[in-house]
Structures are given as structure tokens and as C-alpha cells.
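First to last, the protein sequences are chains R and B. If you read the first sequence in the numbering used here, its first letter stands for residue 11, the second for the next number, and so on. If you read the second sequence in the numbering used here, its first letter stands for residue 1390, the second for the next number, and so on.
Simulated from the structure, these hints should not be mistaken for laboratory data. Everything numeric in this text was worked out from a predicted model, so none of it was measured. Careful: at least some of the hints might be erroneous.
[Unchecked claim] Computed footprint of chain B on chain R; a stretch qualifies when at least three of its residues, placed anywhere within it, have a C-beta under 8 Å from a C-beta of chain B:
hint, stretch
1, 91-97
2, 109-119
3, 126-132
4, 159-172
5, 196-204
6, 227-241
[Said to hold, decoys possible] Here are the computed distance ranges between Cβ atoms for each label pair:
hint, chain 1, residue 1, chain 2, residue 2, range
7, R, G70, B, L1639, 34 to 42 Å
8, R, G70, B, I1693, 32 to 40 Å
9, R, A54, B, L1639, 23 to 31 Å
Glycine residues also receive a C-beta, built at the ideal position from the N, C-alpha and C atoms.
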Amino acid sequence: MPVKSYREAITETLRQEMRRDKRVILMGEDIVGGMGGSSGVFEAAGGTFGVTAGLAAEFGRNRVIDTSITESAIVGAAGGAALTGLRPVAELMFIDFIGVCLDQILNQQAKFRYMFGGRCTVPVTIRTLMGAGYGAGPQHSASLHGMLASIAGIKVVTPSNAYDAKGLLATAIRDDDPVIFCEHKFLYGESCEVPDGEYLIPFGEANVTREGNQVTIVAFSRMVLLANKVADKLAKEGISVEVIDPRTASPLDKDSILESVEKTGRLVVIDEGGPYCGMASEIASLAACEAFESLKAPVQKITPPHTPVPASAELEQEWIPSLAKIERAVRATLSANL
Amino acid sequence: MAYDPLVLLDAYRRMRAIREFEERMRREVQAGTVPGFVHLYCGQEAVAVGMCMHLRDSDYIGSTHRGHGHCIAKGCDIGEMLLEIYCKQGGLCNGKGGSMHIADLRKGMLGANAIVGASPPIAVGAALSQKTLGTDGVAVSFIGDGASNQGTVAEALNMAAVLKLPMIFMYENNGYAEFTGAGYHLGGGQIAKRASGFGMPAEAVDGVDFFAVYDACARAVDRARRGEGPSAIEAIAMRWYGHFEGDMQLYRDPKEVDRLRANSDPLKKFEERATAEFGLQADELREIDEEITELIDDKVAIAIAAPKPPREALYTDVYGSY
Chain R
11 MPVKSYREAI
21 TETLRQEMRR
31 DKRVILMGED
41 IVGGMGGSSG
51 VFEAAGGTFG
61 VTAGLAAEFG
71 RNRVIDTSIT
81 ESAIVGAAGG
91 AALTGLRPVA
101 ELMFIDFIGV
111 CLDQILNQQA
121 KFRYMFGGRC
131 TVPVTIRTLM
141 GAGYGAGPQH
151 SASLHGMLAS
161 IAGIKVVTPS
171 NAYDAKGLLA
181 TAIRDDDPVI
191 FCEHKFLYGE
201 SCEVPDGEYL
211 IPFGEANVTR
221 EGNQVTIVAF
231 SRMVLLANKV
241 ADKLAKEGIS
251 VEVIDPRTAS
261 PLDKDSILES
271 VEKTGRLVVI
281 DEGGPYCGMA
291 SEIASLAACE
301 AFESLKAPVQ
311 KITPPHTPVP
321 ASAELEQEWI
331 PSLAKIERAV
341 RATLSANL
Chain B
1390 MAYDPLVLLD
1400 AYRRMRAIRE
1410 FEERMRREVQ
1420 AGTVPGFVHL
1430 YCGQEAVAVG
1440 MCMHLRDSDY
1450 IGSTHRGHGH
1460 CIAKGCDIGE
1470 MLLEIYCKQG
1480 GLCNGKGGSM
1490 HIADLRKGML
1500 GANAIVGASP
1510 PIAVGAALSQ
1520 KTLGTDGVAV
1530 SFIGDGASNQ
1540 GTVAEALNMA
1550 AVLKLPMIFM
1560 YENNGYAEFT
1570 GAGYHLGGGQ
1580 IAKRASGFGM
1590 PAEAVDGVDF
1600 FAVYDACARA
1610 VDRARRGEGP
1620 SAIEAIAMRW
1630 YGHFEGDMQL
1640 YRDPKEVDRL
1650 RANSDPLKKF
1660 EERATAEFGL
1670 QADELREIDE
1680 EITELIDDKV
1690 AIAIAAPKPP
1700 REALYTDVYG
1710 SY
């Protein structure tokens, strides 16, 4: 099977979905790039991280639409187009920018179907970039999937590898509800086997990336990679760690998490979202509310601190959950007994 | 411009329906039968109707919190609207939208919207659909003077201009943004001038004069259908009632409304000219009045008596699938 990067897998999916359905359009800032410039270069960008490169050449600028830097218009128009016959994929360059256009998600797309009595579909996908580690500072580094997952009416997807990114993005584009598709900027270069053909991964179905029976780790997005590394390291010491990647923060595969916690009795949650009111708290709460009898140790939450993401490389590395912190948490939960 | 008498009768029927609907809602709010808030459209009837007379079901409009007039002008069923305002089963949104969120996609009505300034980007998306799907359809966004100050409106104007979309920005300057007068809140004072800054035709018209609105809308809609891009119209028509029904209106000279009723009634103005110049008979207009009154009596009674949504409806239609 061919090996592809997370970036390549996403580009390939966009191409396949656009070939498959003429109603799929892309819109965003510099997803082609070069309009109005003095060089005359047809594609000056292909997206800030090159994810949409080559698509305008195949599908034309009427389906791969460069916009001004107007997030409310991009996301809002994508919602309006979704109500009226298109299946738009809007790009929100960094998830932090959701602050500029949140109304169009929170009060509009998320509520259309409900407040219109079920008499519409809202097939819009918003691709966006999450995650710290680039030294991009407080306004280009956030992970807001947990905040977004709290909004009823939208779905939130957090692929952790290239294979999942392809299957989940195809599902997102074909889904009739608004989907926020959170790509982690640190995963673009990560590769794995990805089939050339189309396939779908259903939302709300977790992937067990490591099977084990002593400790359960639930991790999202890039944190799955760290969790896998810790699990592999501890396996050499005979510690059996199960790693669960929910893949979608909303809907959340509660059953897979609970099943694993009931088996291991020990839970570590790792998330790049914040320590309050985020996915880590949500999953800790899930275990406390629905698997209390199975817990043998307090749930460990590994998240960044309750601060913005700092620009300083040293501080940023301190901010991001590390392999060492995860390993310590796993050992701590193993040595604690309720 | 020549006016087909049948078109004029249709326009009168829609304006009368809006007036009767809103006056009745006003009395019902005062009687305490209506849940939530309603924002009445009296005084602005010629704006919605002057525009929507040019639109088909396949054209789209984005509306505002003051949306009843837009719905009626665009052809939404009055009975189903009333069921929705009363939050009853069979309402246009099955009782889950209410007055400020009435939508009917079958009629191209993209929703009233309780977030001031939220609908222009959505309507721009509908215009993008029309262009991408290769129709000659258009999209219209109704925008109050209050909303005109929101950044979303500037973003929508810009996108429509850059992408040359079949879009009309229909500003309704009704004199007040909630409790604050346009003389204070509107930087620069003239909304149409702002829109012309985006390189599109923009004109201000007397929004009380159906004929002036109708003519301006004809120019804008035709231009959009020809693929020549967006336009903006600022229709100036003061609202007769408060921001919402029940608003004490302490910001307003009580005589202002008396003057508006006497001198700026869009229906009276229409009738004067339509009978004097275009051959409509006062009798036939009175017949329409009676029909409308009867229709609304009927539909209000039905709405008040209709069953509430079942308890299970709370949980349905959040997602298509989840």
C-alpha cells in the first residue's frame, strides 16, 4: 500500500471529493494565492501549508475560490451556500481565527437545522489548523476542538494520522451537518499507509491504536502519537497500555472509552486543549459518572496549563504535554489504588 | 415605468397582508397570547414588497429579526407563519424557531435572524450558489440601519464585489437601531454611500414610496440576473412601532408616529397613486382588505388552538445523523 503524508492524504481527498461531486467547492484565504499580484504566477500558495496545491489547476478558480481576509464572510457564505445546494469546504487558516467568525458557526450553522424545524441540511465543512509547536505564538497555536465540541449542532473531527485524515475528511464532506475538521499543523509531515481509492471512516467510532489491559490512555490529534510512544516504551517493561483515539470529539465514542476503562480501571487523558471545560475534563467526567465502580485510581489529566500558548520555544515546549509528563502520569495511576 | 395592474394588485395584497398581520400581532401581544418577542414591520411594507415582487421562489432572501414582512412578501404561508410565531406544531419551523427565526427554503426564505448583521454573509453564500450552479437566480439581504454598522456587512459587501455575485444589499433605514437614532449611530450618515465605496451601484430611495422602491429593485435585480454583479439600495422608511412590541419608546417623540401615520403610510401613498394613475379601483382594494382580514382572523384562531410540539421534539433535528 502506498505511504502518504497527512498533508498528501488531505489533498488527495479534496481532489477525489471534488471529482466525485460538482457541488463541492473550496474557499478561503490564499488557498490558491497570487490573484492580483504582479508576478502573474497562477498558484502562488496552494494554501499556507500547501494542502490545496494543484486543485485550482484541475478544478478552476470558480471551484477553488480565493477570498479576502474576511473570516465571517468566508465561513458565513459557506453556510449560506450549504443551505442552497453546494457542499462547501471553507478553510479557516488557523483555528484561533474562529474568534472572528464564531457567530456564523455558533448561532447560524449549528442552529439552522434545529431552528428551521429540520427542514434543511447544512453540508458545510470547515477545515482548520490547530496545535502548538511552531513558535507561532498565542494567536496561531490554539487547540479549540473541546470548546467547539460543546456546541450542539456541529461535529468536530480531530484526525491523528494520514489514513484517518483521508477517511474522516471524505465523511465530513459527504455529511449533511456542519463539520469542523481540525488538522494539526505538526502532523502534516507524518506518513502512513493510505489507500489510493476512496473510503469513509464513520464519525463517533474510536480507533484503538494500542491494545492493553493495565492502563487506558485517551488522546486526541497529535497527542495520540505521544501516547503511542509512551505505550511502546512501557510495553518493554511489561506495562500494558491501551491507547484510544476517539478521532471525533463530537460525536464522541463513549462506549469504546468506557469499555476500556472497565477493563483497565485506570485512565489517563491527554489533550492539547485546556484543562478546564475541554475534552480532558469531559472524558474524566465520563469515567467518573459512568465507570466509577471500575476505577482503581484517580483519573490523570495531562493538558497544557490554563494559559495562552507562549511564543518562546522553551516556554512553548513546557506548555505542550510531553512524553515525560505522560509517562509519569501512567506510572502514577499504576501506583495509586483507590 | 409602466405597471401591470395585476402586479399592482398583487403588491397591494402583500402590503395589506403585512399591515394587517402586524397590527393583529400587536393586539395579540397586548392581549398576552403571543410567546417571546415580536418586532413589527408597520411603516416599511413597501420595502419588502417592492423588492420581493421581482423575486421568484428560487431566488433567496436573508432576513432580520424584523422579518414578518419579508416572509409575507416572499410568499411564505401566513397560516404556517402564525403557527410558528405561536410555537405550535405545523409551524414553518415546527415551533422551534419562533418569530425571530422563521425560515422557508421552499420559498427561498433563508431565515429571519436574531443576530444583527448575521444574514448578509449567509445571503452572499446563496448568491455564490446561484453563480456556481449557473442559474440566473439572485440573493437579497435585508439589512437594518443598525446592522449596517456591523463588520459582517462590510465583509459581505466586499466578497460580493470581489466575486461579482448576483446579490442585492437591501438596506432598510427605519430610523432606529433598537433605542438609538440613526442620526447618532450611523457614522457618515448615509448607508448607500458606504456600499458605493465597494464599487457597486448604490442608491437611496424613499422606502415609503412603493413605486420608487420597486423601480430601484428592478434595476438591481436585472443587473444581478445579467451577471453584472451586486448592487445596494438604501430604502428609508421609519418604523411605526417600537424596537419590539412592548418597547416603551422613551427615546421617541410620541407625535412622531402620528405624523408618520398621517403623512408616511406606504399603503395610503400606494393607493393614491395606483388609483389616480394606474386604474386600480378603490372598491377592489377594499375587497382585498376584507379578504385579508378574514384570512388573518381565521389563521390566528387556528394558531392559538393548535397543539404544542410534543415533548420528543426537544431532541430531534439537532443533526441529520449523530
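Hints, verified against the model:
Counting residues of the stretch 91-97 of chain R whose CB falls under 8 Å from any CB of chain B gives 6; the rule of at least 3 is met. As drawn, the stretch 109-119 of chain R meets chain B at 4 residues by the rule of a beta-carbon pair under 8 Å; at three or more, the given contact holds. Against chain B, the stretch 126-132 of chain R contributes 6 residues with a C-beta closer than 8 Å to a partner C-beta. That satisfies the three-residue criterion, and the hint holds. Proximity of the stretch 159-172 of chain R to chain B, defined as three or more residues with a beta carbon under 8 Å from a beta carbon of that chain, is established by the 3 residues found.
For the stretch 196-204 of chain R, the stated coverage by chain B is not satisfied: 0 residues place a CB nearer than 8 Å to a CB of that chain, which falls below the threshold of 3. Note: the stretch 227-241 of chain R has 0 residues with beta-carbon separation from chain B under 8 Å; the three-residue rule is not met and the coverage is violated. Separation of R/G70 from B/L1639 is about 57 Å and departs from the stated range, judged on CB atoms against 34 to 42 Å. Range check, R/G70 to B/I1693: about 54 Å between beta-carbon atoms, so the 32 to 40 Å window is missed.
Between R/A54 and B/L1639 the beta carbon distance is about 56 Å. The supplied range of 23 to 31 Å is therefore violated.
Of the hints listed earlier, those the structure fails to meet are numbers 5, 6, 7, 8 and 9, in rising order.
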